[in-house]
Every structure is written in C-alpha cells, then in structure tokens.
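Take a look at the letters that make up each chain.
Protein chains: 2
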Amino acid sequence: MTILMKIVKAEILTIGDEILYGQIVDTNSRWLCERLAEEGIRVIWKTTVGDREADILQAFHYAQKRADVVLITGGLGPTSDDLTKPCLAKFFDSPMAIHEEALQEVTEFFKSRGRELTELNRQQANLPVKCRKVTNRTGTAPGMWFDDGQVIFVSMPGVPHEMKVIMNEQVIPMLKNRLELPVIHHSIIRTAGIGESFLADKIKDWENALPSNMSLAYLPNLGQVKLRITANGSDREALKTEAEEWIKKLSLIIPEYIYSYENESLEIVVGRILREKKLTLSVAESCTGGYLSHLITTVPGSSDYFLGSMIPYAYEIKKSQLGVRPETLEKYGAVSEQTIVEMAATVRARFNTDIGVATSGIAGPGGATAEKPVGTVWIAYSDKRKTVAKKLQLSTERLLNIQLASVAVLNLIRRELID
Amino acid sequence: MTILMKIVKAEILTIGDEILYGQIVDTNSRWLCERLAEEGIRVIWKTTVGDREADILQAFHYAQKRADVVLITGGLGPTSDDLTKPCLAKFFDSPMAIHEEALQEVTEFFKSRGRELTELNRQQANLPVKCRKVTNRTGTAPGMWFDDGQVIFVSMPGVPHEMKVIMNEQVIPMLKNRLELPVIHHSIIRTAGIGESFLADKIKDWENALPSNMSLAYLPNLGQVKLRITANGSDREALKTEAEEWIKKLSLIIPEYIYSYENESLEIVVGRILREKKLTLSVAESCTGGYLSHLITTVPGSSDYFLGSMIPYAYEIKKSQLGVRPETLEKYGAVSEQTIVEMAATVRARFNTDIGVATSGIAGPGGATAEKPVGTVWIAYSDKRKTVAKKLQLSTERLLNIQLASVAVLNLIRRELID
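From first to last, the protein sequence lines are chains A and B. Quick note: the first sequence uses the numbering used here, first residue 116, plus one each step. Quick note: the second sequence uses the numbering used here, first residue 116, plus one each step.
Read the hints as simulated data drawn from the structure, not as lab findings. None of the values given here were measured: they were computed from a predicted structure. Treat the hints with caution; some may be incorrect.
The list treats identical chains as interchangeable, and a pair is accepted whether it falls inside one copy or across any two copies.
[To be verified] DSSO-like cross-link-like pairs, simulated, lysine-lysine; straight-line CA separation at most 30 Å:
hint : residue 1 : residue 2
1    : K124      : K180
2    : K393      : K487
3    : K279      : K341
4    : K124      : K248
5    : K205      : K180
6    : K279      : K124
7    : K226      : K487
8    : K501      : K434
9    : K319      : K341
10   : K291      : K279
11   : K506      : K341
12   : K355      : K341
13   : K124      : K205
14   : K180      : K291
15   : K499      : K434
16   : K434      : K487
From just these sequences and the hints, can you work out the full model?
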C-alpha cells in the first residue's frame, strides 16, 4: 500500500540589513535548508529583507500564500531596529503582554550570569498574546510560534547557536507533532582518493538498481566525495535496514575509497586508527607549509599520537634541520621521489615515531619549471616496514594545492594502515 | 547645493535547487551585496527559488514591482533543469535565436581548450532576441541584459568566478552608464590587537565628529576589527580627499593598531615588512599546531623570508628536536614564560634566521590545570637585540584559540618591526 502524503513546503525568511549590505554571511538559512530536508520538509523559497516594516510585512504576506511553514530568523534583539516582533504582532493582529514564564526565564538567564535585568531586557518577555512562546535556553530573546491552523510562523533569534538549539530541541519536535511528515532516513558515506565522475562510473550499476524510494546525491569537496543516500517510506526501522543493505553492497564495490559511514572528517578517522593501533606520527611538510599538521591538530586529543612536525620550507633547512642528504637534493631537486622518500624516513627517525609522512611540491604561483609545473606535488609515507611515494598533479591555485595535498597525505596514511 | 538623487534599488535572485537543499552555500549573493553597496546601489530584497518554472516566473514578477535592477544568478547551464533562459524569454515575451557573436565566443572557448563544440554547447548561444548578450570570457554560458526602460534584469551564471568577472568587467560599467548612481567612496582600515568595544571607546570623539555624509561600520573577525568608512557626495575626488583627511586624524589616535589602509591581510602586511627589511623568519609552534605557519605560507612568495618551522607538539620533541633545556621544561612546564622565550630563541638560532617566534598553550578541551585554564597561551618574539614574551587568555574553543593565537603572533611581529 502506498500512502500519498502531502509535501510540506517551507519558506525561510531572514531579516536584517547587515545581510543585504553583505557585512555578514547568512549561514543560518543554509543550515535550516539542510536540517529541514533531513526531516522531509521541502524548502521552496528563501527570502531576505532588511529592517523595514513595509518589506517585512510584505514578505510575511507572500510567504503565507505559498508555504505551510515559515521559519523566520533575525530582528529579535532588544533595540529599536529589531522589528520582527512588532511586525508579527501587527500581521497577526495581536496585542502584546508580558509573558510570565518568559520573564522568569530571561530573569534567570541574567541572574545566572550575575547581571541585573534592565528594562530593555525585560521587554524581551513582552510577546504577542496570540503566539506560543518558544524557550531560548542559550540566549535572552524567546522564539515565537504562531499557528492559525493553516500556516505556521516560527520566529527565532539570528544568533546561529541559539537558533540551532531552538530548532533541534523545540521547533523540530513541535513540527513533527503538528504535521504529518514523511519518514526519511539519510545515510552519509564519505570517500576520498577518487574523483566524482570516476566514482559515479564505478557505482553506476549499483545506483541504477536503487529502489524508487531511495535517491543518491554526490557532494564533492576538496578531493573528497560525500555520498548521501536518502530513503523515504512509512516505517523508520524498515527504512534503516533497507538503507544498510544497500550500503553493504556499495562497500563491496568501493571498499578502498570509503573512510567513514558516520560523516566524520578524514583527520578524525586517521586519528582514531592511529590511536587504536597505538602508533605515533610525525610530519615533514614543505609545500603544504603547516596545513597538514593543522588538520591533524584540529582534532582534540591528537597529542596522543601526533608528536610533531618539521616544516623545512627553505632548501637549506631541508639539509641543516631535517637532515636530507645534500647529494639527494642536488642530484634530484627538492620536488622529487628521492627527496620525498628521504624526508619521510628522516622525520620518522629523528622524531622517533612509528610513521613519518612528507610533502614537497610547487604550490604556485612561482617556482614552476617545464618538467615541474605548478601543482606538481610529491607525498610519501614511511614506517619501519616500507616507504611509499606518490606523485600528484593538482591545480593551478596555491591554496587549493595546499589543501588537496594535505588531504592526499591523510588518505595515504589511512590506506597504508588499513591494508 | 544638495542634489537629491533617487536611490537605486536592487534585488538579488538566486536560482537553484542545490541551495534550497542546503547542499551548497550561496556565496554569490553576499559578494553581490557588498559589490553593489560599493557602487551606491541599495540591495532591498534577496530571493532564492528552485528549478521550477512557476516559482521563477513568480519571483521575476515580484522583483519587477519593487526593484530598479534585478540581478539573477544560476540556472544557466546547458541541461534541462536549467530554466533561467526559457523563463526570461517567456517573461519578456521574446523569441529565441542563435546569437552569432555568442556562437563565435563559445566556439572559440572550446577551440582554445582543444575540444569540439557539441550541439548542447551550441545551444548556449541561443538567446532571447530581446536581450543584449553579456560576454562570459571565462565560461561558456553568456550573460543576458534586459532593459524595458523601467527595470533592468541581468542574468549571470552561478559559477562564482565567472559571475564576478562578468560583474566587474561588464555589468557594473553598464549600470553606471545607464543609471545615475550616487558617488560613494569606501575606505577600509584594518586593525589588530584591540577588541571592538575598546576600539570604539578610543575613537568615539573622532567618530562623533564625522560629517553627516560619512558613516562608520565596525567589522570584527578573529581578533581583528576592520573599520569601513563610507562617504557619499557628488564629486569623487573631493570625497576621496575628505576621507583621507579623516583617516589621517584617525591614524594619529590609534597608530599602533592600524596595520593596513588597503584592506590587506595581516600575513601579507607582515610578509611585506619582512621582505622590505630583508629579514628572515622561523617559527616554533606548539599549541597552534601548524596554523601559524600555514597563514604565513598562504602568501605567494613567502619563501623569500620564511625559512621554516618546527612543531614540537610532544613534550619530548621540545627537548630532543627543538632543543629546549630539560631543566626549563621541568621547572616551569611547557606553557610558561621561560619555555616560550627559549623556544623562540632556539628556533631562531637553529634555523639561522633574523627572527624567531613561538607559541605554547592549552588549546583545549584537554590539558587544563587550575592555574592554566583552556585558552592560556604564551607567545614570544626573538631577534638578535631582544626577546619579548606575552601571555594571552583566549577562549574555551580549540579552533578559535589556534586561530587567535596565530593572529596574535603575526601582530606581535608587526609591532616589534615597526617600533
């Protein structure tokens, strides 16, 4: 039996001059789009208006005509250029009154921080009587929920972490309770070491065989491709089981490229492998200039396995500090298989770690030769059993080359350790 | 004489399902907002719709009623889900025809890359006859300019770098030619080493004395504050002179905090000072884990002054590789004035550079003690004349601490070199 479910349509409305002036990036609306898609709500329209009453009311009016749910962020502060609340009161023709519970919450919030409640802040508990208050436990401006039986309007503060907490803890459960949403199951499979079109080609038979209630999206970023499988149906557990079966089939086709089924970053996965195997790591990075070490050390607790790095940026430092033999450098140059192999082996020996890795290349824009154009990068991995080197031909952009080469080294470590 | 000029209102319309699904961030619209503000055009509304004809036509209709200029990005590719061109043809009731010059351009584009023109690509030269073609010299889909004497509609590809080239080289000059725009002069002054509220307090008399045609915006980011002065009037040269006089006054109030009048990054400014003074730099970074070196090496040509780094992440490596004396580490700990001073001096000596800098601290979340909470970071600068150390108390967030400490070191180098 197929249940035909009405699609729930949402509009996201962002209010604030600072966005129209280009002073800040509106990261909220992208997060909301993703979050709503996860719950099976389709965002059909996104609008941004400034701090002007006529435009805000006009935007409410249009949104009411086309959406089932209108999610509003911004314009909720206590100052006079914050117009969302008075506009909502006008739009829903609602008087205002101090909301006792909201007043208690905002008083508590200030008290817990050892601060006095000012009259300006007290006014944050003054809400349109037709709304249901939505508690903002990490800030002072409460959210508001208006429901006339046709369209739901939700207003939230524009501060990203306040908005996210309110959405996850309150608005999403309230929407699930109020609306009949489709059951949707998302799976993210992260891959590295293969480009989008090659990956698509490798898994095309699998993709074509997916049942009609499952769809696949390719999300490429910096040498990695995330695969998102979206399954919809009516029974959550059955969907999960079905998705897992298809992912199992996928994992047999491209085992070497998949590094996470949990949407974790490559540096987290590599870190966990090193910790589990009780192995230590050192890095000698030249063209990546510190970015590879930075990626590794963004992970909390990375000091458990990462002991340190040498960045021998200058030719002379490669000899004097890292200890690459002058003969090797002179005969083959800094960007060569011979040098990269020595760099990885030397840093491993000097830092007394189980594994040493290295990078050396032409990040650009300067430094290129006819045989070594911008984007030529050598990377290497060394442990007590073996040393592996790999030549990459990346892009013409300096920063992109730095990022791609660093990701390639992380993936090289992963591949060597799981083999 | 005051000329009362009509404000030119713009709407930005972004087309594409991938934005509503939250799969990509719409960086174009923010860039457009900033770029238009620079030219004195006020963005009053921003809209995003998906790849559905009815929504696109509806968005055209609303935009036409409220804006003088409508800038459209996205939906211009050659595949069937790209609907912007057929929707524009429908909206302006225009037949389509192959545009000879556009066909020549797209043919040339493929030829220069050694590729054949397919029928699908040929269709990119098929344009509504009522539009003026806008050349896209870095891509294959031409832009379109519709002007009915009332409202101007401009359609551009969604690929960020193609859109930016088209805007800067063609659309902005065309808009200036067609519309009477106010003369606006923007100045950006970059500061580091002082928080927004302290800065505002220091310059409040200056700010209050600004004439009514000049306004000031504070744009804080990662331990730095950009000041943007916007001046408007009727004579470009006079405005520039007026702004320069006010900036000169400002530079006398906060000379030590200003690092650029040209909107350059701190790493670029520090790099230029080092190059001009013919000084070389080395880095010993512990808690910043490579990020400081990464910032320095994002600058093309940084190998002229940056020789290399040591990242002695583990306690043992601080001794064995960098050469910090065991007595210092044991007596004072890794996060101390004594250790940081030795780190900076030692890396300078070992790498044989004019300047050595160092970082050591508790990035978090682990590693804190009662006296050294998360966010405690020591930084140091050493040259042949002196060594300077500084203790920072940063945040509770790991990544933010890494970034703030790195920026603080760059600013420390700048301050020591300009004194």
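How would you label the pair K434, K487 (within, between, both, or neither) given a Cα cut-off of 30 Å?
Answer is within: at 21 Å inside a copy they meet the 30 Å cutoff, but 37 Å across does not.
With identical chains, the pair K279 and K124 could be close in the same copy or across copies; at 30 Å between alpha carbons, which is it: within, between, both, or neither?
within (20 Å within a copy, 32 Å between copies)
First find the shortest C-alpha distance between K279 and K341 inside one copy, then the shortest across copies, and answer within, between, both or neither for a cut-off of 30 Å.
So K279 and K341 pass the 30 Å test inside a copy (23 Å) and across (28 Å) alike.
At most 30 Å between C-alpha atoms: does K124 with K180 qualify within a copy, between copies, both, or neither?
Both: 11 Å inside a chain and 25 Å across chains, each within 30 Å.
Can you give me the call for K124 and K248, within, between, both or neither, at a CA distance of at most 30 Å?
within (23 Å within a copy, 36 Å between copies)
Homo-oligomer pair classification [K434, K501; C-alpha up to 30 Å]
Classified as both; 23 Å inside a copy, 28 Å across copies.
Between copies, within a copy, both or neither: which fits K499 and K434 at Cα up to 30 Å?
both (22 Å within a copy, 24 Å between copies)
How would you label the pair K319, K341 (within, between, both, or neither) given a Cα cut-off of 30 Å?
within (16 Å within a copy, 50 Å between copies)
Treating 30 Å as the Cα threshold, decide for K506 and K341: within, between, both or neither.
within (24 Å within a copy, 41 Å between copies)
Give the relationship of K291 and K279 under a CA distance limit of 30 Å: within one copy only, between copies only, both, or neither.
within (16 Å within a copy, 41 Å between copies)
Is the C-alpha distance from K226 to K487 at most 30 Å within one copy, between copies, in both cases, or in neither?
This pair counts as between: shortest inter-copy Cα distance 26 Å, intra-copy 63 Å.
Is the C-alpha distance from K393 to K487 at most 30 Å within one copy, between copies, in both cases, or in neither?
between (38 Å within a copy, 28 Å between copies)
Comparing the model with each numbered hint stated earlier shows that all of them hold.
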